[in-house]
Amino acid sequence: MKNTEIKSLSASEIAERIVAEKENLNKLKFAHSISPIENPNRIRESKRFIARLKTALAAK
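With the numbering used here applied, the sequence shown closes on residue 61, and no number is skipped along the way.
Don't read these hints as lab results, they were simulated from the structure.
Some clues are possibly wrong.
Computed list of lysine-lysine pairs in DSS-like fashion (alpha-carbon distance at most 30 Å, straight line) [unchecked claim]:
(1) Lys23 / Lys48
(2) Lys61 / Lys48
(3) Lys48 / Lys8
(4) Lys55 / Lys28
(5) Lys8 / Lys28
(6) Lys23 / Lys3
(7) Lys3 / Lys61
(8) Lys61 / Lys23
(9) Lys8 / Lys23
(10) Lys30 / Lys3
Make the full structure from the sequences, and use the hints.
Structure follows, in structure tokens:
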């Protein structure tokens, strides 16, 4: 999701996306701890996406 798409969302939609992405991040971390996932960079990308969402929410 691009920053322009994030900015077009409302504050409540951004908050919902943050919760969903945090759950996804926890699942990725858990899966990686059991057996290495195919692309561990997805964890980093997920963290950065959550940070972008939080920044957009704080700006609103």
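Hint-by-hint comparison with the structure:
Taken as a hint, the Lys23 and Lys48 pair is honoured in the structure, with Cα atoms around 8 Å apart against an allowance of 30 Å. The hinted pair formed by Lys61 and Lys48 meets the criterion: a straight-line CA distance of about 20 Å does not exceed 30 Å. A C-alpha spacing of about 18 Å is found between Lys48 and Lys8, which places the hinted pair at or below 30 Å, so the restraint holds. Among the hinted pairs, Lys55 with Lys28 is consistent with the structure: their alpha-carbon atoms are about 20 Å apart, no more than 30 Å.
Distance hint between Lys8 and Lys28 is fulfilled; the C-alpha atoms sit about 26 Å from each other, no more than 30 Å. For a cut-off of 30 Å, the pair hint linking Lys23 to Lys3 stands: about 18 Å separates their Cα positions. Taking the CA atoms of Lys3 and Lys61, the gap is about 17 Å. The hint holds against a cut of 30 Å. Distance hint between Lys61 and Lys23 is fulfilled; the C-alpha atoms sit about 20 Å from each other, no more than 30 Å.
Taken as a hint, the Lys8 and Lys23 pair is honoured in the structure, with Cα atoms around 19 Å apart against an allowance of 30 Å. Of the supplied pair hints, the one linking Lys30 and Lys3 holds, its CA atoms being roughly 24 Å apart against a limit of 30 Å.
Comparing the model with each numbered hint stated earlier shows that all of them hold.
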